[in-house]
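Asker: Top to bottom, those sequences are chains Z and V.
Quick note: the first sequence uses the numbering used here, first residue 16, plus one each step.
Quick note: the second sequence uses the numbering used here, first residue 16, plus one each step.
Any given hint could turn out to be false.
One copy or any two copies: either way a pair holds, since identical chains are not told apart in the list.
Said to hold, decoys possible - Restricting the straight-line Cα-Cα distance to at most 20 Å, the calculated cross-link-like pairs of lysine to aspartate or glutamate (EDC-like) are:
#1 K21 / E204
#2 K134 / D93
#3 K21 / E168
#4 K178 / D41
Keep in mind that the hints were calculated from the coordinates and are not lab data.
Please read these numbers as outputs of a predicted model, since none were measured by experiment.
Here's the letter readout for the chains.
There are 2 protein chains.
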Amino acid sequence: MSEIRKHYFLDEYCIIASERGKRPNDFKVTNVISEVSDIVSGCFFCNGNESKTPPATAVYKQGRVFIDTETKRENGWDVRCFPNLFPAVSPHTITPDTSLSANLASGYGFHEIIVESPKHGMSLSGLNDDKMKLLMRVYRDRVTFYQAQEAIEFVSLFKNQGKSAGASLSHTHTQLVALPTVPPALKRELAAIKNAAKSASVCPYCEIVSAESESVRLLARNDHFIAIAPYYSIAPFEIWILPVEHASHIREFDDSALDSLALILKEMLARLDTVLSNPPYNYMFHQMVDEDYHFNLRIQPALATIAGFEKNTGIYINSVVPEQVGTFI
Amino acid sequence: MSEIRKHYFLDEYCIIASERGKRPNDFKVTNVISEVSDIVSGCFFCNGNESKTPPATAVYKQGRVFIDTETKRENGWDVRCFPNLFPAVSPHTITPDTSLSANLASGYGFHEIIVESPKHGMSLSGLNDDKMKLLMRVYRDRVTFYQAQEAIEFVSLFKNQGKSAGASLSHTHTQLVALPTVPPALKRELAAIKNAAKSASVCPYCEIVSAESESVRLLARNDHFIAIAPYYSIAPFEIWILPVEHASHIREFDDSALDSLALILKEMLARLDTVLSNPPYNYMFHQMVDEDYHFNLRIQPALATIAGFEKNTGIYINSVVPEQVGTFI
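Chain Z extracted, bound-state conformation:
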């Protein structure tokens, strides 16, 4: 029997199609198309090939931060951040008209690549704990930096791992896209949160944290975060990571909270990689510069196709029951 489930607090549905009920092994064949054509020797993102990309905006190395110039590129780094050579948005047309419509029309924004490891073939779950903790600091730095730029209203931070999750290069990397407007989908979510908070005097995500901490959908918990398989899951093996104490944005996390985030994210990726044999996945930082929003990091293995039904209705069919995720991974 299937179930049409409503989102916790939004007017959105997903279908948990348990009659199609799949187990982790049913997804392994999909992994074949997660391979990306692999150019090891000439990989743009490898240590030593820095000249194949634009100068880095931030190079994390030996506990310090450097900046490349046209003539001098740093190597021997831990994490390297630089502008995307093929940007979706770009900063060159901000002047003289700084209105929103001009910024939209000109595709104003920033598009940065964050290479999380100099080693080709490394996966995030293979990073040691210190490197994963460093990465969270890099995320906090770069998001905060772009959030402060002129005419930037929203910074999207996300990772595409594997070809069927949208990665065009196999060397592990995260992307950051800074936009001149808050995406309407997030505006609507924030409005719903403010509405719920007004009537119930409590943040709906705080309610999720409270309810799911006691549920079969709890996957892990540490000092500052919980990881859950959400009741409303639009992707198989979807995972949400939420701060237990209300916080809106990564810039609010101190080093201790960032360390917790690093460890719970690494644990979740490692559990997915083990059980699903390094599946393609996306993860997305849902956050806003508004104290009513509640930070959440969503991991969605890319194991199902977003097809005609989803494109027609906005309702996602998920063949893995969220209550069973904890028994699988």
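Place chain V on chain Z using the hints.
Answerer: Below, chain V without anything else, positioned relative to chain Z:
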């Protein structure tokens, strides 16, 4: 230079990333993954293999409509409709509680397969005009039939062509999913239409028809329909087919209008198949039983991955400029 474009009348954006500007040939490599594992001899959807599927709910054959029984299956058909063996929703739990929440919880609904041709390897653009016209009548029949079923509020009609568009079998087929609720995304669109109609006294889709009929984005026009590459295109080579005279739902089309729909849809699919070498695609019927809605059929070639950025923001990056689609296809 990229452009962040707003939807005609909804608060939605897409990014036309012309710096990534791709031409049809850039997409051909993608077609490799459009192949679905091909079992010709045992194909469930081929003429002669009717016993491998549930009894047909409607068999179109020699100008008449038949129904299978458990013991007697029709063959020699033109179009065959039957329940999906692996349904996303199913009708078995309607009684005794017929409330919406019970229907949602039980995954109430219908999921039907419509096989458009008995011939394995046939594509829709390869159907002759009469068969394509018949198919539109089948669509009208089946949607109207399910729309009238108890507790059904919305019927989704869509096609997944090719593996990366979500087809799990290569034999051409359409799917119909009947739901106990109108999808929230369509409810929101209808509310926006009613709002716009109230202030401007005109349907926003009628305005699109009027404006795009004179634009570089017009791809084709016949007695009853236009086909356009919409200004707001979320997929490369996206096409919308719209009735010139306001109509809400396929059941309102007379045979003459249905014939026009068949011919313009076939022409668009043929042009895509020729230029993009039989790309994977989805098409979706956007329609509602509400006189304010304006029917539109959307064709979206599945040539780009819906990845982390889209999943984070709801904003789609499209590397093909809508104004150039008409020069390509």
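Asker: Report the numbers of all earlier hints that the structure fails to satisfy, in ascending order.
Answerer: Per hint list: zero violations.
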